[in-house]
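A.B. asks: Residue numbers (this note's numbering), protein chains in the order written: chain A, 1 to 285; chain B, 286 to 501; chain C, 502 to 717.
If you're looking for bench data, these hints aren't it; they were derived computationally from the structure.
Computed from a predicted model, the values in this text were never measured in an experiment.
Some hints could be false.
[Said to hold, decoys possible] Computed beta-carbon distance windows for the label pairs:
(1) A:Y264 to B:N307: 39 to 45 Å
(2) B:K411 to A:V97: 42 to 48 Å
(3) C:E535 to A:D145: 35 to 41 Å
(4) A:M214 to C:S622: 40 to 46 Å
[Said to hold, decoys possible] Partner residues aside, some chain A positions facing chain C, computed with beta carbon under 7 Å:
(5) L96
(6) F137
(7) Q161
(8) D184
[Claimed, not checked] Computed cross-link-like contacts, PhoX-like style, restricted to lysine-lysine with a CA-CA straight-line distance of at most 25 Å:
(9) C:K562 to C:K537
(10) A:K176 to B:K447
(11) B:K439 to A:K176
(12) B:K438 to A:K176
(13) A:K138 to A:K59
(14) A:K138 to C:K655
Built from N, CA and C at the ideal position, the CB exists for glycine as well.
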Amino acid sequence: MTDNENTSQDNLQGELPFAVVKGEPMTVPPEDLYIPPDALEIFLDAFEGPLDLLLYLIKRQNLDILSLPVYQITQQYMSYIELMQEMRLELAAEYLVMAAMLAEIKSRLLLPRPVEEDEEDDPRAELIRRLQEYERFKKVAEDVDQLPRMNRDTFGVSVLQAEYDYERPQPTVDLKDVIAAFQDVMQRAKMFASHHVGHEPLSVRERMSRVLSMLHVEDFVEFSRFYDVEEGRSGVIVTFLAMLELIKGHVIELVQAEPFAPIYIKPAVKGDVTNELAEDEVNYE
Amino acid sequence: MKDDQLKNIVEAALMAADGALNIDRLLQLFELEEEKPSRDQIKKVLATLVAECEGRGVELKRIASGYRYQTRTEVQPWVARLWHEKPQRYTRALLETLSLIVYRQPITRGEIEEVRGVSVSSNTIKTLLEREWIKVMGHKEVPGRPALYGSTKKFLDYFSLKTLDELPSLAELADLDQEHPELDLGAPEENDDQAKLGVVTDSGEIEIVGPNQTRH
Amino acid sequence: MKDDQLKNIVEAALMAADGALNIDRLLQLFELEEEKPSRDQIKKVLATLVAECEGRGVELKRIASGYRYQTRTEVQPWVARLWHEKPQRYTRALLETLSLIVYRQPITRGEIEEVRGVSVSSNTIKTLLEREWIKVMGHKEVPGRPALYGSTKKFLDYFSLKTLDELPSLAELADLDQEHPELDLGAPEENDDQAKLGVVTDSGEIEIVGPNQTRH
Numbered sequence: 001m002t003d004n005e006n007t008s009q010d011n012l013q014g015e016l017p018f019a020v021v022k023g024e025p026m027t028v029p030p031e032d033l034y035i036p037p038d039a040l041e042i043f044l045d046a047f048e049g050p051l052d053l054l055l056y057l058i059k060r061q062n063l064d065i066l067s068l069p070v071y072q073i074t075q076q077y078m079s080y081i082e083l084m085q086e087m088r089l090e091l092a093a094e095y096l097v098m099a100a101m102l103a104e105i106k107s108r109l110l111l112p113r114p115v116e117e118d119e120e121d122d123p124r125a126e127l128i129r130r131l132q133e134y135e136r137f138k139k140v141a142e143d144v145d146q147l148p149r150m151n152r153d154t155f156g157v158s159v160l161q162a163e164y165d166y167e168r169p170q171p172t173v174d175l176k177d178v179i180a181a182f183q184d185v186m187q188r189a190k191m192f193a194s195h196h197v198g199h200e201p202l203s204v205r206e207r208m209s210r211v212l213s214m215l216h217v218e219d220f221v222e223f224s225r226f227y228d229v230e231e232g233r234s235g236v237i238v239t240f241l242a243m244l245e246l247i248k249g250h251v252i253e254l255v256q257a258e259p260f261a262p263i264y265i266k267p268a269v270k271g272d273v274t275n276e277l278a279e280d281e282v283n284y285e
Numbered sequence: 286m287k288d289d290q291l292k293n294i295v296e297a298a299l300m301a302a303d304g305a306l307n308i309d310r311l312l313q314l315f316e317l318e319e320e321k322p323s324r325d326q327i328k329k330v331l332a333t334l335v336a337e338c339e340g341r342g343v344e345l346k347r348i349a350s351g352y353r354y355q356t357r358t359e360v361q362p363w364v365a366r367l368w369h370e371k372p373q374r375y376t377r378a379l380l381e382t383l384s385l386i387v388y389r390q391p392i393t394r395g396e397i398e399e400v401r402g403v404s405v406s407s408n409t410i411k412t413l414l415e416r417e418w419i420k421v422m423g424h425k426e427v428p429g430r431p432a433l434y435g436s437t438k439k440f441l442d443y444f445s446l447k448t449l450d451e452l453p454s455l456a457e458l459a460d461l462d463q464e465h466p467e468l469d470l471g472a473p474e475e476n477d478d479q480a481k482l483g484v485v486t487d488s489g490e491i492e493i494v495g496p497n498q499t500r501h
Numbered sequence: 502m503k504d505d506q507l508k509n510i511v512e513a514a515l516m517a518a519d520g521a522l523n524i525d526r527l528l529q530l531f532e533l534e535e536e537k538p539s540r541d542q543i544k545k546v547l548a549t550l551v552a553e554c555e556g557r558g559v560e561l562k563r564i565a566s567g568y569r570y571q572t573r574t575e576v577q578p579w580v581a582r583l584w585h586e587k588p589q590r591y592t593r594a595l596l597e598t599l600s601l602i603v604y605r606q607p608i609t610r611g612e613i614e615e616v617r618g619v620s621v622s623s624n625t626i627k628t629l630l631e632r633e634w635i636k637v638m639g640h641k642e643v644p645g646r647p648a649l650y651g652s653t654k655k656f657l658d659y660f661s662l663k664t665l666d667e668l669p670s671l672a673e674l675a676d677l678d679q680e681h682p683e684l685d686l687g688a689p690e691e692n693d694d695q696a697k698l699g700v701v702t703d704s705g706e707i708e709i710v711g712p713n714q715t716r717h
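With the rest of the complex left out, here is chain A (with noise of 0.2 Å):
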């Protein structure tokens, strides 16, 4: 790699910010190993792994990879890890994997060499072609980033039909295949152990969607329409259930205008929320 490559590189990082604290996005790194500790976390956050950050330890200091300074590198980097250590931050393993390697170099590279060893591997080889390889991934890993997608840079053309009296066929689907699913999804994420699922009677949660459409056609209705007597004790128990799972969840609310009046089932009030995502949109970006 030339310099004129190196310093472009360095141009361009110098424009994208690495961070961002309280909104501020920070494009340049802090210069000395003082880093406050609210900064840190985000800090490391924006290193993908120990080969990132020796990268990021030799671009700082404008030098060349393949004249990896394994003396100042090692130092900067151990620094870094005392750092993490005094923070209390939990050290993942491949930062320490690298120190190891690091300290390794150094060493082999401080100790007087044979003059017929001279001929062995530079210990600095092996390292410099990680780094080299992982800078080349993280670099095109940004080109494909730039790479024109659907639904951000383009969009699908959708012309509708002339004509609508076509029923456009659906796939079928059979019970089983949805059965399957939902027992693999459930194995996957673990759920029959920690969250007690199995306790939950179906038909509750099925009582629940049902008094939700009660409400979706009316908005206040009285608590006493939601039973049906005839279905007996059990029937009443399980809506009774279902609106004490919904209240505890926030969907809905009891109201009472004073003691011994009707009770009335509503949805649950409208918070003040403008300014605030979607929660399942915050889980999606």
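Once you have looked at the hints, place chains B and C on chain A.
C.D. replies: Coordinates of chains B and C only, in the frame set by chain A:
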């Protein structure tokens, strides 16, 4: 903004939109004051686009709710054959999402993602809503007021169920697993039919060829 | 069938279709023997339609699975305002993992971890599998039989690419031996990573060439 650019934006928006767009909606695409066209400009552009469809397979039609591109009736017999073929199968992601909505209703998208460990695409939800197997039953009163999904009567009808109670419970599922090991679909990567290397041929089809040799 | 009519049918079908259509699929729209165009006729019509998009807001693009009308990237800022949902952003970990799978396929998770120096989370792989950008192409015959991952046609389609060849090129490895002869880097063929990328042969087929190497 130049006329050409304005025309291209309006054309692309109308073609990409799911339904018709009216002039107000088109004006909303321009956020900066200085680039915002006048209604008359938009109307002029729409007239040009209508004229440009002359003699083509699609036309820009004005309907009650705005403007929309649609295929011309002349080409309909051929275009309709696009949908003659067999419907595709639903993805595993869709079936898992459906099953979670059925068994754990009412449930939010976030909760589904929590169990599945991956994000649920809007398309999956949309397909299920369109099929009317699920519906929005309400909203959870937490920040963002996410929609709560539940299953519908149509879902029960489709699978010939009278109530959800007829679905096997989790305990029964465990037994079912032992009795019918064929129901266990296993991890997706274990699927044998995927254990092949696909090769894209000239015609754009994927051909399955033998597994790639690897050197050790 | 007149050329104009054929062109209109193809245009309307491509615009009405949900995704891309290839030539075989387009040919299926013509049921009567006497009206069935030849492949060459279809190709000619497609070329005309591509040319007619010149300077417009949409383009007819050839991608891995066929031809697709899509909006031009130039109009993206305005067209994107049609939807409220923000496009999904992908993490660096996901993009780096995806790049390694695409450029070095077939590749195991262990091999990805070797290059990246950190473990690859199951979630990342799961997300990529679910998006159907990658798939399991086989298993490496080493202890544990780890899955070998490769990219799919859907991946190419999503990024509007026809073949893997159109991907941004991977930077060349600087030649350590030449610039630093004092670093004895061992066998030169270990540096030859270019052989990992799929290569398009004369016939237009993609072949994954070069066995997957592991370094120890």
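A.B. asks: Decide, hint by hint, whether the structure agrees.
C.D. replies: These are the hints, each one checked on the structure:
Against the hinted window of 39 to 45 Å, the Cβ-Cβ separation of A:Y264 and B:N307 comes to about 40 Å, which satisfies the hint. In this structure the supplied range 42 to 48 Å holds for B:K411 paired with A:V97, their Cβ-Cβ distance being about 45 Å. For the pair C:E535 and A:D145, the supplied restraint of 35 to 41 Å is violated, since their beta-carbon distance comes to about 50 Å. Checked against the hint of 40 to 46 Å, the C-beta distance between A:M214 and C:S622 comes to roughly 43 Å, which is consistent with it.
The beta carbon of A:L96 comes no nearer than 12 Å to any beta carbon in chain C, farther than 7 Å, and the hint placing it at the interface is violated. Annotation: interface hint on A:F137 holds; nearest CB of chain C at approximately 5 Å, less than 7 Å. A cut of 7 Å between beta carbons decides the hint on A:Q161: the least distance to chain C is about 5 Å, and the hint holds. A least Cβ separation of about 13 Å between A:D184 and chain C goes past the 7 Å threshold, and the interface hint is therefore violated.
Taking the CA atoms of C:K562 and C:K537, the gap is near 24 Å; set against the 25 Å cutoff, the hint holds. With a C-alpha separation of about 16 Å, the suggested pair A:K176 and B:K447 falls inside the 25 Å cut-off, and the hint holds. The straight-line distance between the Cα atoms of B:K439 and A:K176 is roughly 17 Å, inside the 25 Å bound, and the hint therefore holds. As the CA atoms of B:K438 and A:K176 are separated by approximately 18 Å, the hinted pair is consistent with the 25 Å bound.
Of the supplied pair hints, the one linking A:K138 and A:K59 holds, its CA atoms being roughly 14 Å apart against a limit of 25 Å. Using a Cα cut-off of 25 Å, the hinted pair A:K138 and C:K655 holds, with the two alpha carbons roughly 23 Å apart.
Violated hints, listed in ascending order, are 3, 5 and 8; each of the other numbered hints is respected by the structure.
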